[in-house]
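Chains as they are written, first to last, in my numbering: chain A, 6 to 575; chain B, 194 to 486.
One or more of the hints may lead you astray.
Using 35 Å as the maximum straight-line C-alpha spacing, the simulated DSBU-like pairs for lysine-lysine come out as follows [stated by the list, open to error]:
1) B/LYS287 with B/LYS370
2) A/LYS291 with B/LYS378
3) B/LYS370 with A/LYS291
4) B/LYS287 with A/LYS553
It is worth saying that the hints were derived from the structure and are not from the lab.
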Amino acid sequence: MSRNVPGENRDHPIRMVTVWCPDWPVVAAGCRPDVPAAVLRANRVVARTPAAADEGIVTGQRRRQAQQRCPLIRLLDDDPARDAREFEPIVRAVAEIAPRVDLVEPGWLSIAARGPSRYFGGDAAMAEHLRRSVLDVVASLADVEAGVGAEAEAGVGVGVADGRFAASVAARLGARRREPVVVAPGGSEAFCAPLPIGWLQTLAEVDAELVDLFGRLGLRRLGDLAGLDSVDVLGRFGPVGTHAHRLAAGVDIRPANTTDPAPERRITRVLDDPAAQTDAVVFVAKQLADELAGRLGADGRVCTRLVVRLATEHGERSERSWYRPAGMSAAAMVERVRWQLDAWVNLPRGSEHEITGGVALIRLVPEEVRADDGVQLGFWGGQSDADRRAIRAIARLTTLTSEAAVTVPVWNGGRLPADRYRWMPATLVDLDQRERAVERTATGADGRAGPWPGCLPAPSPATVFDDPLPLDVLDVHGQVVRVSGRGTVTADPAGIRLLLGSEAEGWRRGPMRAVRSWAGPWPVDQHWWEPDRHRRLARFQILVDDEKVGERAHLVIAEHQRWFLLATYD
Amino acid sequence: MEIAVDHRTPLRAAPPARTAGPNSRRRSAVHDEALRDVLAELGERVKPIALARERTLPVAAPFGQLLPDGLVRGQVVSCRGAAARSMAFGLARKALVEGGWMAVVDVPTLGTDAAAEFGVPLERVVRIDTGIDADEPSGIGLDWIDVMGAAVDGFDLVLTCVPAALRNDRRPAAVRKLGSRLQQKGAVMVTLGAPGALGGDIELTTQRTVWVGLGDGTGHLHRRVIDVEASGRRMPGRRSCSIQLVGEGGRVGLGSVSAGDEHVPHDPPAAVLAEMAGTVTVTDLNDPPLAVG
C-alpha cells in the first residue's frame, strides 16, 4: 500500500496523480460532444456536453431553466451504474501503469505518483502518457457509442501534486487547460492559496454550509483559511474545520484519527454455490456491508477507503479500491460493489480477466477507517428530521400510486379559487426550497392586492370543485335569474337548486334551498386577448338555508348563460 | 404507549390552606410555591414513561379550549358539520407552522387558498389522490389503506375523507392494522366527515354557523361564528365553544366569541368593494347577457 512506502514521512502528504474526466455522466451516456445534452439528477443538471455548455447550461440548473436556455437539449436520466460500467476501461488503462487505483467516483480516480513517475522519467512525462492513454479510451468509447471517430473534445484532466486534494484540483484545472498540470513537490500550499474557497465543496470534502460560512466570514480563498491558526480553527469549527484547514494548507495527510484497521476487520464470504446473478452477489454483499458497517460503528468508526475483491469459481479476480472522504455507510458500500460488478460483467468478450463463471468469493477490506465524527444536523433551517421523513414518504407514495397522483401546491395566481394554486407532481419540484414556490409574494405580488385586483377578499372557500356543478338560481316567481352584460341581475335570487346527473341524460333537479342573503354580481372579464382562455363571468356569494346546519355559503358564477356552483365555504 | 389517565383529577393537588397570621401565611405560601416547583421538577425527572397525552401536536388558541391536551399522536380526530374543513385547517395550523408535514389523501376539492388564509404553511402540504371515488360504495378501498399506511409513516398529520366502503362499523383487518400503525408512528389522522371503520377518538362537530357580512345584494362574506362541540371516546364529557373566524387582509383570524359580538352590522370598507369591482371593463350594451333563463 502506498502509505507504507519506505521513507514516507507522515508530515508530508503522498504525491498523487488524479485523473478527472469532466462531465463523465454524459460521456458515459454516449453523447457526442457537439450535441447539446445534459444528465439530470433530482431534476438538476449534474453534467453536460461542451456544446450544451456553450449554450449556457451550467451544473445545478433545473430542468426548466436548461430547456429555456437550449430548447433542443437532449436530457438524460442519471444512472450511476452506467457511469461506473463505462468507466471501467479507463480504470483498466490506468491500472496498467499503477498497481493500486483509488476510485473516488466514476470519472474520478487517483493513484500514487511515485512508482509510475520514476518509470516514465518524471511527473510531466508520466502525466502526459496517462492523459494520452485515457483520451484514447474515451475516444474509443465515443466511437463505439456514437459512431464518431473524432478525438473526444470533452478532454481529460490529469494533475500531479502532493496530496489527493491538491492533485484533484490540479486535474480539474488540467481538464480546462487541456494539458496536465504538475505542481512541484512541496508546492501544494502555494498552489492552493490563491484558489477560491469553493473548491472545498466542489471536491466534496466539506459541505456547502461551512463553505458559505467561510465566505461570509471573509475567508474567500484557500490561502485565507490556511493563514489561520489551526487551534483557533478547531475551536471555532470543530473537526470538520480542521480538516478543511489542513486541506487548504496543502497538508493533505490522513488525519491523526485514521488508523490501520486490524486484519480481522476484513470480511470474506465464500459461496459454496457460486452466484451467477448480479443481484445474488449484491444481496450477499449487503449482508457483509451491514456487518462491517455495524462492527465499525460499534467502535465509533467509519470506513473512508474500502477495497472490494471479487473472485469467480474459475479464478478470475476483480479488485478495486473505493475512496469516499465523508465515510461509507453500508448502503454506500453495497453501491460500490454493484458498480464494480456491473463493470466487470460488461467487459467486452475476450478481454483479460473476463468473467466466465459465477462469483465464489466476496471480500470487503476496510483499508482506511477514521473516527466517525457524525453528521451534525442543521439547527436553524436546513432539513429537519421531519422533512427527511416526509420526503422519503413522498418517494414511497409516488411508487405506490403514480407520479401525477402525489402533488404539492405552487402559487399560480388568479381571480377564481381554482386558479390560485396549481398542484404540481412532487417529483418535479424542489422539496427543499418550497417556501418560495407557495409564497404569494414570491411572484412580486404584494400580498393579495398585488397583481390580482378583483379577487374576492378573505375568507376563501374551503371546498373548491374541480368541475363546477351546474345549478339553477331562481327568483321568487320560480324564474331563472338573468345577469345582463352590464352586470345587473333581473331579479333578486330567492332559491337555488342543484342540477344532478349529466347533460346527456337530462338533468335531475336537486332539492330547493331558500336564499337568505346574497351579494354580487362581481364580473370578471379576463384573458380577452386570448380567445382560448377568455372568460367572462359574474360571481355571487349566496347564503342558503340548510336544514342540518342552519346556513351554508356558496360561491356561484354565471357564465355562458348558465349558473355554476364553484365552491362552498365550509 | 398510552395510559388511561383521568383528566379530571389534577395530578398534584394544591396544598391545604393553613390557618396562621397574615405574615407567616405569606411566607409559607412562598415556601410552598418553591417546594411545589422543586417537587414538580423532581416528578418530571423520575417519571417512568411518557404518557400518551404528552406525545402531542400543539393546537392554536381557540381550539385549545376544546382540546386542552392538543392533538394526541396516534388518535383519529374527525371534523364534521358545516365548517369541517375550516376546523381541520385551524387544528393543523400550529403543528405545521412548527415544522410538521401534512398529507391530504383523497380530498381533491381542497380549498388551497382557504388553507393559506388560515396560516397553514403550504410548503409542507402534500396531496395524494388514489383515484378512487370516495363516494362510490363499491370496492373495499385497499388502495386507500395502502396509501394511508405510507402516509402515516412519514407525515405528522394526515387529512382524509374515509371512502364510502369503509363508512360503517365493520372493521376489516386491514383497517385495524392501519390503526395500530398510526399509534406506532405517532401521526394524527384528521377525517372530514364520519371516521367510519377507523373509529374516531375525538369528534369535532359544527353545531351552528352564522355568517356576517352578506346583505340583500350588498356586502360580502366577512365573518363567521361557529359553535363547535367536541366529544368522543377519548374525551371525558363534552366541551363546546364558539369560535369566530374573521377574514381580514388575506388572512382568516380565529378568535373566541365574546358576548355582543354576533350582531355588529358589517359595513365593508369602500376600498374592498372597489377592489372587487376592479375587473369591470367597459362592456358594450350589445354584449350577450351572462346568464339567461
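Which numbered hints are broken by the structure, listed smallest first?
Of the numbered hints, all hold.
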